[in-house]
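Asks: Residue numbers (the numbering used here), protein chains in the order written: chain A, 1 to 311; chain B, 1 to 311; chain C, 1 to 311; chain D, 1 to 311.
Just so you know, not all the hints are guaranteed correct.
To be verified - Simulated crosslink set (DSS-like; lysine-lysine; CA at most 27 angstroms straight-line): (1) Lys247(B) - Lys150(D); (2) Lys150(B) - Lys150(D); (3) Lys240(C) - Lys240(A); (4) Lys236(A) - Lys150(C); (5) Lys236(D) - Lys150(C).
Just so you know, the hints here were simulated from the structure itself, not pulled from any lab data.
Computed from a prediction, not measured in an experiment: that's the story for all the values here.
4 protein chains.
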Amino acid sequence: MESNTNVLPRPLRGIIPPMVTPLLDRDTLDAAGLERLVEHILGGGVHGLFILGTTGEAPSLSYRLRYEVIERVCGQVKGRVPVLVGITDTSFVESVNVAHKAQEYGAQAVVLAPPYYFPAGQAELLEYLRHLTPELPLPLFLYNMPTYTKLVFEPQTIRAAAEFPGLVGIKDSSGNMIYYRRLQSLLKDHPDFSLLMGREELLADVVLLGGHGGVCGGANLIPELYVELYNAACSKDLPKVDVLHEKVMRLSNAIYNVGQYESSYLKGLKCALSCIGICSDFMAEPFHRFRQAEHNRIRQYVKELGIAPGK
Amino acid sequence: MESNTNVLPRPLRGIIPPMVTPLLDRDTLDAAGLERLVEHILGGGVHGLFILGTTGEAPSLSYRLRYEVIERVCGQVKGRVPVLVGITDTSFVESVNVAHKAQEYGAQAVVLAPPYYFPAGQAELLEYLRHLTPELPLPLFLYNMPTYTKLVFEPQTIRAAAEFPGLVGIKDSSGNMIYYRRLQSLLKDHPDFSLLMGREELLADVVLLGGHGGVCGGANLIPELYVELYNAACSKDLPKVDVLHEKVMRLSNAIYNVGQYESSYLKGLKCALSCIGICSDFMAEPFHRFRQAEHNRIRQYVKELGIAPGK
Amino acid sequence: MESNTNVLPRPLRGIIPPMVTPLLDRDTLDAAGLERLVEHILGGGVHGLFILGTTGEAPSLSYRLRYEVIERVCGQVKGRVPVLVGITDTSFVESVNVAHKAQEYGAQAVVLAPPYYFPAGQAELLEYLRHLTPELPLPLFLYNMPTYTKLVFEPQTIRAAAEFPGLVGIKDSSGNMIYYRRLQSLLKDHPDFSLLMGREELLADVVLLGGHGGVCGGANLIPELYVELYNAACSKDLPKVDVLHEKVMRLSNAIYNVGQYESSYLKGLKCALSCIGICSDFMAEPFHRFRQAEHNRIRQYVKELGIAPGK
Amino acid sequence: MESNTNVLPRPLRGIIPPMVTPLLDRDTLDAAGLERLVEHILGGGVHGLFILGTTGEAPSLSYRLRYEVIERVCGQVKGRVPVLVGITDTSFVESVNVAHKAQEYGAQAVVLAPPYYFPAGQAELLEYLRHLTPELPLPLFLYNMPTYTKLVFEPQTIRAAAEFPGLVGIKDSSGNMIYYRRLQSLLKDHPDFSLLMGREELLADVVLLGGHGGVCGGANLIPELYVELYNAACSKDLPKVDVLHEKVMRLSNAIYNVGQYESSYLKGLKCALSCIGICSDFMAEPFHRFRQAEHNRIRQYVKELGIAPGK
């Protein structure tokens, strides 16, 4: 039923993979790869899909292409899970523009990191959110990603912004667990506010102690691993959590750490997806796909870890 | 003569003010203010005009508005001085799009900081420039602004990129003078490569020792002060340099340092322009214009410094 | 039995509080307060005591005073628990000097952050450790504290250094949980290597998933809280972990966040200790004790949290 | 005459080289090399000598060795030029201790960077200086070196501290010329306050526009080059300044940029000194002397640049 598809659970819980954007070149989608990838991820039993985030290389894509991604993905998912759309932009107006496209094509929520060019202070960021939230046609998740944006929504800023209508959660990708635990403590009285972990290495940590779920890049590759870990952590099955967490760490240590650049996470993930035949590993500038040597190492890791597309 | 207007001096020398973008609200130009501002600046005898840079709040503006700025300014300047257009973007394709608009409306060059979301390495940035320069229809200046972009084009990267056709100079706004002196030394054999200083407090320094000029924010307010300082430094008139440099420092210490945020430069500059009746002080998010208390301090400084629109 | 007291468990597990250094002035110990503090902490059932760390203000103390702290504490503890002594120094020779004093007075281990003045690379840090470990008369714990030292022992550096005789563990105070989980994964085959968490907000996290314990500043105040949380996490009693973890968060949010400076953790902790009559709140430069307003807020929090010296 | 030797010019002007500390091993001076080095530097006509700074590896040396350096250098210089002694320390008491040794052995001033372990705020740093200056038996220069200390004495802090008796100047090694120009502007009314530039690449800049001189590492190698450049800049002989400044840049680009680490400045400088037979190139941990490949490159550069000990 269509109307159902617009219901976003409060708080949003579970595994919401940040989807890779398959490309043929810098301004052309790998449309067949995208279709395979969406089905591959949904086949793993995930609880949502986050498109046009960091993992989706959104800041490197043209607006035209971003709109095409939203249209295709929403059209394919058809409400099977909530679709969250990244609207992070240095321009307030462009963020609002993308949010309207997201609503038009049927997405359920939008996701926003701080406007990351100018060094805004916390009072300025709070006012920015006070101005922005009424302009958005969909519920909003904040996104903490300080190594890329250099700006942080401080816990007290989020505590204050949590009163704004439409602000429904946060995805924290800082890796700074003090930050996450502080948020959790400050938002005890907002049980509907969703606290999602953006680093899969910490999924077990957060779900065991009251967190709501994870935005796990590796779920592009093996969605069911993260869903199982989430379920094991929810049911406090610690021996199972230990085993599955260790699998997540092995994948992270292998696939995301090839080559000398900080881009190794994205390059490794896209390369592994191409190794298992899901989609192209082309990357938009300023990055480029792995050369042969790195590609061969990823292929070897994919084999050792037993990564393969689901049936 | 039209054909003349397309000649960009090599190296570009002199004072090229980074123009403020006058706004009525976040997506509406203050068109009358813009017109006054352009004439005010050109009346000071400047050698070029740089629009849609950091001082122009470009990252905070919609693309529609950016295009409008290019069209209006180029249409008004009509080749009296070269117009340089900022095309910095995290998306390669959008940078190229803006560059084509710039060429279409009659600008003479474009200016680009590193794509500032993803943490690209130097080899990745060099490849990015190798891909980008052939796509651009106008000569390119690089732009070093590490506090905002967090990425730096390292001197050796610029040395290598200086061989790419169409790359004609750099604007350095780091304040790191070692960086500037290293560039100068590495590019001794490229006398046509323009080395512009983005911080007015260092204009005297660079022109006295072989630099080509400055992109001085204060030249929105008092263009002739910077032109005179540039001329005095070119003619090695050290006593005059001392006096004019001290005036520049007094303006900087006063107008750019009101309030507690890093945005004080931009807010102070726009506020002072409104105090002297040039244009509105509205700012796009994530900033906002000064409140009354700060406004009053700026008004006082403007009076003390004797800032007034030219005849 | 004396010989027993020299046995350091491998891996070291449990709660090892980083002891505050009670001072009467910048170069005079509060000897009576120190004695009370040691008994207060040991009365809580802790598993070790770490003196002259960051919480102990070691970098701010004269060497003479540091030696006096070692002598007094070791003399008082008399082997009831292992004593770990901070030897972090920018000078290799002075680190070795403190280590010899530690051994002479009967401590069981030493703790070392990177030499934090010069920006050493990872290969340089590894060679530094290769030179240092043979000179130390006691087992060594590394100490990761990047916000204060600006240098990090990277996981691969620690993996390599874990082969050096005498290197027995690490205390991680970064708050970066990815770092901790990576270490854990890389050192799977070194079950004797102790992985201690330096941030009490993350004690529950690490112990639930295989970590060995915590160096918890709050255990100066309420040692039994941290010991109980450690025990609950060891026995996987998740409901009890939830309750105790929330108490730890409440203490952290209150006591460590008064005032505007980053020193609020240290000032709040010492102030709270003085509120409950354990020791003086004097701090060595560059810090100073809280003024009256902040003192009153801490006193109020101490009352609300029910903090009181043990029987 | 002894009494003369205690006169420190106000403001101190000219070239004050930051002396390298020649070592045979980590805790043994190369006493013969030290003696040669002092005479080599003084032979170049310098205006002072700064020992135990960053270039002198002071933070890496034991206190015993630091005291030996002070005693030997002061005993050899015998008041021919003022000797400045670095007393930077995280411990207030140890800074005062070194200052007393400096006075005892006959030095003329001391030099202090912020206490660099704890993240002190500006109000805390100002109070620290308020406490420290009355305890010092010699005039004090501040030292701005943010890449190593991570703390900055902000211009307004220095402006306020310039009122404290005994505070006579600052050495700025940030490379941030905006900072230097701001200081100069804020201290216009303190003509006796010495503003020294710690980066030789910017010596020409500062002296041409009213700065007092430089603390130039390269003056360990070719003291007369920096003295000549200083003199040319004082007499506003711009063509000569251009030629000498370019020589300084060539030395910097060559000698200080071999190898991949940030330590290349110190390693290159010590290596070059050993190539011309002045002293050993041994370095205290965490550094080590260049291996053969880097040594050979430095030897080649020394030859190309024509560096040789004075007659």
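Asks: Keeping to a limit of 27 angstroms between CA atoms, is the pair of Lys236(D) and Lys150(C) held or broken?
Replies: Violated - the C-alpha atoms of Lys150(C) and Lys236(D) are around 41 angstroms apart, more than 27 angstroms.
Asks: Compare the distance between the alpha carbons of Lys247(B) and Lys150(D) with 27 angstroms, and conclude whether the hinted pair is satisfied.
Replies: The hint is violated at about 32 angstroms.
Asks: Given the hint that Lys240(C) pairs with Lys240(A), test it: the Cα-Cα distance must not exceed 27 angstroms.
Replies: With a Cα-Cα distance of about 20 angstroms, the restraint between Lys240(C) and Lys240(A) holds, given a limit of 27 angstroms.
Asks: Does Lys150(B) pair with Lys150(D) here, judged by a C-alpha cut-off of 27 angstroms?
Replies: 17 angstroms, holds
Asks: Please work out if Lys236(A) and Lys150(C) have their alpha carbons no farther apart than 27 angstroms.
Replies: Violated: Lys236(A) and Lys150(C) sit about 37 angstroms apart, past 27 angstroms.
Of the numbered hints given earlier, the model fails hints 1, 4 and 5; all others are met.
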